[in-house]
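Could you build all of it, start to finish, from the sequences and the hints given here?
Just so you know, the protein sequences line up as chains A and B, in that order.
Position one of the first sequence corresponds to residue 1 (the working numbering), numbered consecutively onward.
Position one of the second sequence corresponds to residue 1 (the working numbering), numbered consecutively onward.
Everything labelled a hint here was simulated from the structure, so no lab data went into it.
Incorrect hints may appear among the rest.
It does not matter which identical chain is used: a pair holds within one copy or between any two.
[Claimed, not checked] For lysine to aspartate or glutamate, the following EDC-like pairs were computed, each having C-alpha atoms within a straight-line distance of at most 20 Å:
1. K183 <-> D153
2. K183 <-> D149
3. K62 <-> E119
4. K62 <-> E109
Chain by chain, the residues:
2 protein chains.
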Amino acid sequence: MGDDTMPIRENTGTLVSGAGRRRVIFLALVATCITTWSLSLRAKPNDAVPYPAGYRQWTHVKTALVGPQSPAFENSGGIHHIYANEKAMEGYRSGKYPDGSVLVADFLETRENAGLTTEGPRRRIDVMVKDSKRYTTTGGWGFEQFRGDSQTDRMVTAETAAKCFACHSNQKERDSVFSEFRK
Amino acid sequence: MGDDTMPIRENTGTLVSGAGRRRVIFLALVATCITTWSLSLRAKPNDAVPYPAGYRQWTHVKTALVGPQSPAFENSGGIHHIYANEKAMEGYRSGKYPDGSVLVADFLETRENAGLTTEGPRRRIDVMVKDSKRYTTTGGWGFEQFRGDSQTDRMVTAETAAKCFACHSNQKERDSVFSEFRK
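Right, here's the structure in full:
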């Protein structure tokens, strides 16, 4: 057994120093990739604004219509409704939005016929989520947009989120929220 | 005590047959009036559509805008939102509205500035309440309108309620409801 053992060890040593070394490097690279990927997966949902499931049953805050004469027409033309979950409704009352507050702006195309303007397909939804621990660089608000009716087609980058906040932050006395609840 | 008792009875008898008789007739008349009045009170709230307290927190069904080119502009020009309580939401799903369903159409004036149309003061709300026992002549639906922000200034008469139903009843397959829930 003693004699048999040594050559095997040597063989193993030879493998490590040849094809085995390449395999180890390859496996290390794979492990690094998996670790990086899983860390990125863990980081992403932590910052990502969740799709606001069920928002159509939330409270309707107010509505406006962006017409062709508006400079915002190209990006946001049509009708848009704002919806608020229960916590965001506390924010409208107190001026301070607690963590868990979610606001949705629902952008719809419009159709006009004989003076009657009705709602068309959804262009996108804009979402603001309050989480003072996650979104520390944007006033505690996370910003996202979902294209059309999609719950996964996200339109906001870190750069555009910063732009969202740059504008919203002008509303200091109302915790970065533009809208007011119409009674 | 026996001698004292009789004259008192006689005196009482005399009162009943003179001034007392007039008092009895008067009291009977008062009682009749009170009964009639209380019956009328009972009849009125039984048919009256209650003000839909808290409807702004109900589900927002859909929105349309009635512009100057519409024949409905004079009466209903502006933006209007439809809200539904929980039972009415069952109706949108099933096509059959259970008793207790309430639908509100919220009519608001609009303001336009640089292509942006926003909500103005409330013109009125139109209310439909389902109660198959109360509103037997109008398909189980009670109809009412409240002027502006008032909870008491009612605009619908029995005659106009019949007109409301005459039009709504064309929607037979959807239990006399025109609107559909926009998802």
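Consistency of the hints with the structure:
1. For the homomeric pair K183 and D153, the shortest alpha-carbon distance between copies (18 Å) is at most 20 Å, but the shortest distance inside one copy (33 Å) is not.
2. Proximity of K183 and D149 under a CA criterion of 20 Å is satisfied inter-copy only: 10 Å between copies versus 28 Å inside one chain copy.
3. In this homomeric assembly, K62 and E119 come within 20 Å of each other (Cα to Cα) both inside a single copy, at 15 Å, and across copies, at 8 Å.
4. Both within a single protomer and between protomers do K62 and E109 lie at most 20 Å apart by alpha-carbon distance, with minima of 17 Å and 13 Å respectively.
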